[in-house]
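A.B. asks: With the sequences and hints as input, model every part of the structure.
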Amino acid sequence: MLDVFLTILNRDLKLAYRRWSEFANPLLFFVIVTSLFPLALSPGQALLQTIGTGVLWVGALLSSLLALEGLFRGDFDDGSMEQILLSPAPFGIVVIAKIAAHWVVSGIPLIVLVPVVALSFQLPTEALATLAAALLLATPTLSVLSAIGAALTVSLKSGGSIIGLLVLPLCSPMLIFGTRATDLAANGEPVAAPLYLLAALAVFAVSLGPLAVAAALRVGLE
Amino acid sequence: MKLPRWFHRFGSPPWVYGLAGALGPWIGGIAIVLIAAGTFGGLVLAPPDYLQGDSFRIIYIHVPSAYVSMMAYVILAVAAAIGFIWRLKLAHAAAVSIAPIGASFTFLALATGAIWGKPTWGTFWQWTDPRIMFELLLLFLYLGYMALRAAFEDRDKADRVSAILGVVGVVNVPIIHYSVIWWNSLHQGPTISRLDGPTITTDMLVPLLVMILGFTFFFFWLLLSRLQGEIVEREQATRWLRELVEESPG
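Top to bottom, those sequences are chains D and Y. For the first sequence, my numbering gives the first residue as 1, with consecutive numbering after it. For the second sequence, my numbering gives the first residue as 223, with consecutive numbering after it.
Careful, some of the hints might be misleading.
As the list claims (entries may be wrong) - Capping the alpha-carbon separation at 30 Å, the derived lysine-lysine pairs in DSBU-like fashion look like this:
{"#": "1", "chain 1": "Y", "residue 1": "Lys379", "chain 2": "D", "residue 2": "Lys157"}
{"#": "2", "chain 1": "Y", "residue 1": "Lys340", "chain 2": "D", "residue 2": "Lys157"}
{"#": "3", "chain 1": "Y", "residue 1": "Lys311", "chain 2": "Y", "residue 2": "Lys379"}
Worth flagging that the hints you see were computed from the coordinates, not collected in a lab.
C.D. replies: Take a look at the structure:
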């Protein structure tokens, strides 16, 4: 089982590495979206500092939404998904491996990038560690939810516009707890509670989500 | 486990169509009577609120709509799960029929809440209130479900894919609910379901409970009639439906 997991993970990471621009685009998108807010608002430092956390989290959410299109699309179009499903490898493990690979190429760069951009919004340096920790706990859940959205729409010619409608309402708890943790840290208050909740959601999503993804992919391949 | 003899009939479209047709008028009648009684009780018999005056009376539409909007989503998900697991087409038909009704009640809850909010809180819309936020997210869940269905041309596939979304959604509903409670609430605290008994007087409470019951019957009435329509659409090519149409006068 671990063999299957590692093989798929390795394959997907290699594919991502060869087409790195596809995965750089969401990050670029994140930087652009966050820099649009200061342009759209009256340039006051205090205002930017107040809304900074929210802008960062919404930007991260949108950029992870942008990254999910390609999650199953390539494998579905060239038929390799069908072959994987027909192979004796347990499909749930395959799905977890694909989600993990997606998280490595889309989640981890966000965890690094967001605190850097946060500096430009004058977020206190003490809050940066909490922000990174909250992202570390929230991005796996986002990856699982993205995978559900991608799997549900995989057999549609143009699923892109629908995915947002499906996934974003489900993402709202991560947004709430993530911004809450960051804000508490910025005010120097204890941050354990929202971080625990994010961790609980991550465990919940990673353990049950792949089942839904596998079921949706099976229907899509019928 | 041996299934009871009548159970298989729920897989038969003509039987369910007939059952829905037979039950519909009764449930509809009960709904009309209950809603009429609740309206009379709420608008005439209940005393005006000492703080909010008469404006509180919109509670008799607001709370039942909110209640039905959440109940409908759970029933939708249960029907979708039954349809997905046992491949019961009629369960899918029920789930499909529920979605627009549930979305309408969610919208009604939001709209009446906004109308009530103006005289009471001084604002139509309050972004920081968790229950408004929850109802709004619930509306998005309904709309996402309907949009996903509409995107598929093959009905069978649409059934199965949207069923997965329904189940994922219903697992998330409590999480979303409790996460939005993290905000400071403008909303009045729970008035009916409290351990030490309701904080609302009996004259106000009884019409509210009658209205909730009436709205529930109203929901099932709408559901049965939409289900009949859905069955007709799905069974267009079948003989029993053609015979039914030919038999009926006019």
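A.B. asks: Would you check the hint for lysine 311/Y and lysine 379/Y, treating anything up to 30 Å between C-alpha atoms as holding?
C.D. replies: Between lysine 311/Y and lysine 379/Y the Cα gap is close to 11 Å, so the pair holds against 30 Å.
A.B. asks: With the threshold set at 30 Å, check whether the alpha-carbon distance from lysine 340/Y to lysine 157/D stays at or below it.
C.D. replies: Violated. Lysine 340/Y to lysine 157/D sits at ~45 Å, over the 30 Å cutoff.
A.B. asks: Below or equal to 30 Å on CA atoms is what counts here, so check lysine 379/Y against lysine 157/D.
C.D. replies: At roughly 14 Å apart (the allowed maximum being 30 Å), lysine 157/D and lysine 379/Y satisfy the hint.
Hint check: a violation occurs at hint 2 only; the rest are consistent with the structure.
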